[in-house]
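**Q** Residue numbers (this note's numbering), protein chains in the order written: chain A, 14 to 263; chain B, 5 to 485.
Don't read these hints as lab results, they were simulated from the structure. Warning: the hint list may mix true and false statements.
Stated by the list, open to error - Straight-line distance between alpha carbons at most 20 Å, and here's what the computed SDA-like set of lysine to any residue pairs gives:
id, chain 1, residue 1, chain 2, residue 2
1, A, Lys83, B, Thr445
2, A, Lys121, B, Glu446
3, B, Lys429, A, Lys83
4, B, Lys429, A, Pro104
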Amino acid sequence: MLTIKNLYVSVEGQEILKGINLEIKPGEIHAIMGPNGSGKSTLANVLAGRHEYEVTAGEITYNGEDLFEKSPEDRAREGIFLSFQYPVEIPGVPMVNFLKTAVNEHRKHRGEKELTAGEFLKLMREKMDMVDLHPQLTNRSVNEGFSGGEKKKNEIFQMALLEPKLAILDETDSGLDIDALKTVAHGVNALKSPETSTIVVTHYQRLLDYIVPDYVHILYNGKIVKTAGKELAFELEEKGYDWIKKENEK
Amino acid sequence: MAEQDKILHDLTQSDYKYGFITDIETDIIDIGLNEAVVKTIWEKKNEPDFMLDFRLDAFRKWQKMKIPDWAYLKIPPIDFQSISYYAAPVQKPKYASIDEVDPELIETFNKLGIPLEEQKHLAGVAVDVVMDSVSVKTTFKEVLAEKGIIFCSFSDALQEHPNLVRKYFGQAVPVADNFFAALNSAVFSDGSFCYIPKGVRCPMELSTYFRINAANTGQFERTLIVADDDSYVSYLEGCTAPMRDENQLHAAVVEIIAHDRAEVKYSTVQNWYPGDKNGIGGIYNFVTKRGVCRGVSSKISWTQVETGSAITWKYPSCILLGDNSVGEFNSVAVTNHHQQADTGSKMIHIGKNTKSRIVSKGISAGRSDNSYRGLVKIMPGATNSRNFSQCDSLLLNDTCGAHTFPYIEVGNKSSVVEHEATTSKIGEDQIFYCNQRGIDTETAVGIIINGYAREVLNKLPMEFAVEAQKLLQISLEGSVG
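Construct the entire structure; sequences and hints are all you get.
**A** This is the structure we're talking about:
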């Protein structure tokens with residue numbers, strides 16, 4: 014599904030990613046862990062196509078096609094979903110209008126008939142139960158007046174509506190209490206299928222208790238320095254990031 | 005959503021969407037302005053005698069006046085002698101049925117998206133269509149007549165209700181109020197007149213579509229709305245104009261009089277040709293709009309969405325004369341390319357316990373300049389009066405300008421005036437968030453802009469709000485980068 018080869022990325026002239034290689038197959042869950050500043054969020058944003066991030070070398074293919082040829086909106090329509098670390102507020106734009114536009118853009122791209130307001134509302138109610146989001150929130154403006162936890166739930170709710178093939182969760186667990194964490198994880202698991210893949214970017218192991226990864230990669234100083242199964246997350250939890258730092262600075 | 009498709013389609017068209025010219029035979033008088041021309045207009049209109057005195061008085065005062073230069077606008081010299089001051093479609097008499105109307109005219113309305121045929125069926129919208137100064141068709145007149153409401157062209161009003169017109173005409177905007185109002189008073193050709201009798205709530209939105217059609221013809225519309233005691237009316241004004249290279253002058257006057265406990269809502273969507281990307285052509289729009297809350301507890305509210313014109317000079321105002329009267333001004337002004345707008349409001353508090361509210365949302369793009377200019381004046385006798393003003397500016401790039409010129413004069417100690425202002429640039433992160441949900445940048449900008457302007461758009465009647473939302477999006481195509 015996704016192949017990253019020798020990826021180098023700079024932000025404002027500073028090199029952040031220094032040769033990333035990663036292969037993700039359909040149905041797999043990959044966790045990307047690492048200390049602050051290691052480049053985890055950069056990787057997530059590059060996949061989504063944020064243009065402040067300058068790719069200086071390497072390639073990414075998504076379903077056999079060059080990802081860099083595609084605009085951020087086309088990547089989204091073709092199934093790449095980024096759950097934002099800090100979801101932005103858009104004042105005055107009701108959630109329900111925003112989401113209806115988003116869903117219909119996806120449908121148009123797939124050559125499907127656009128949903129009417131009635132059909133969309135029905136779909137929305139179904140998906141809302143999945144993440145236990147208060148129905149009143151959809152009448153508010155996008156992310157405006159949402160608590161930190163509500164914002165994250167709202168991201169997963171959007172994911173449920175858009176049904177991505179490749180979901181990237183960028184520190185979705187940060188700022189969540191344990192109940193919200195379970196709800197979010199429940200939503201992510203419910204959406205999982207043999208055709209869809211997930212990249213979980215996280216700082217801590219606790220989210221991985223609920224979203225069980227097939228692979229854990231440790232990103233340090235712009236490189237993947239260790240890859241293993243889920244047990245790596247436990248090892249990391251036990252030994253801390255200093256272990257990685259020491260090992261890589263020898 | 006087929007509508008979304010249409011917007012996308014429109015967005016890909018870089019030229020002004022309504023830039024077409026209708027080929028209808030027009031009766032135009034020679035260019036130039038003098039007392040004889042003023043008299044000719046009066047004769048052609050077959051107006052009562054008092055109108056000649058009014059027009060000549062205005063003309064003589066206008067001759068001694070100068071174009072105001074205090075606005076933040078670069079106004080190219082206007083040769084008032086190179087303009088023809090009267091144009092009327094050569095189609096008389098007026099029609100009993102829509103079938104008799106020139107098919108080409110109907111086609112024009114179709115392009116504008118306001119086919120008269122459908123208008124009749126549209127939920128409660130009566131349309132007094134002004135095509136080049138002379139009213140061509142008035143609908144719903146009978147329905148309104150039952151309630152005693154008068155809604156007709158200004159010419160008809162002068163013929164049928166001369167005393168009523170005479171009683172209120174020039175009350176809110178005196179002949180010599182300003183250069184453009186004086187010019188309008190001298191040469192205006194037509195417009196609309198509306199009278200709501202005591203205790204009557206107008207059952208439908210009254211709507212007038214203005215359209216500039218004849219080349220090189222200044223447009224001088226005149227509107228007078230009178231709401232008698234305990235009455236209510238919502239009035240809509242919307243405009244489009246064909247594309248032209250030479251600049252067209254527009255100097256309209258709108259007057260509103262509200263008696264005791266009467267309420268008048270006046271909504272405008274203004275979409276005149278703004279000139280091309282290089283600032284060539286476009287309408288010069290110098291408008292005087294003023295309402296007088298003459299009666300106790302009366303209310304006048306102005307809501308405007310301004311996206312068009314090369315130059316906009318416009319300050320819809322309220323004179324709050326009656327005790328407990330209320331004035332409101334809600335505005336979204338968009339400027340793109342080389343457009344210039346200097347717009348805002350005046351709230352003059354004279355009566356006790358009067359309230360006013362100003363919400364202005366400026367959106368600038370391209371190399372345009374967008375200014376808010378407002379006056380809040382509280383007279384010594386206007387005790388316990390209140391004003392709240394909020395002026396927000398949104399910039400879409402680094403080459404446009406946003407300016408705020410608030411003037412506040414408070415003449416007594418018991419009144420409260422609040423002024424809030426913000427300036428912000430459209431967020432890259434907001435656009436990216438939309439992109440990541442599959443929404444392209446043009447649509448994203450439209451969504452964000454409409455969100456920003458929502459507070460004002462919500463004040464518009466439903467059918468107008470939809471039109472206004474599309475307009476905002478179309479006006480800003482290609483403006484973020």
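**Q** Next step is simple, just say for each hint if it's right about the structure.
**A** Okay, the hints, checked on the actual structure:
no.	hint	result
1	Lys83(A) / Thr445(B)	14 Å, holds
2	Lys121(A) / Glu446(B)	16 Å, holds
3	Lys429(B) / Lys83(A)	27 Å, violated
4	Lys429(B) / Pro104(A)	13 Å, holds
Hint compliance for this structure: hint 3 alone is broken.
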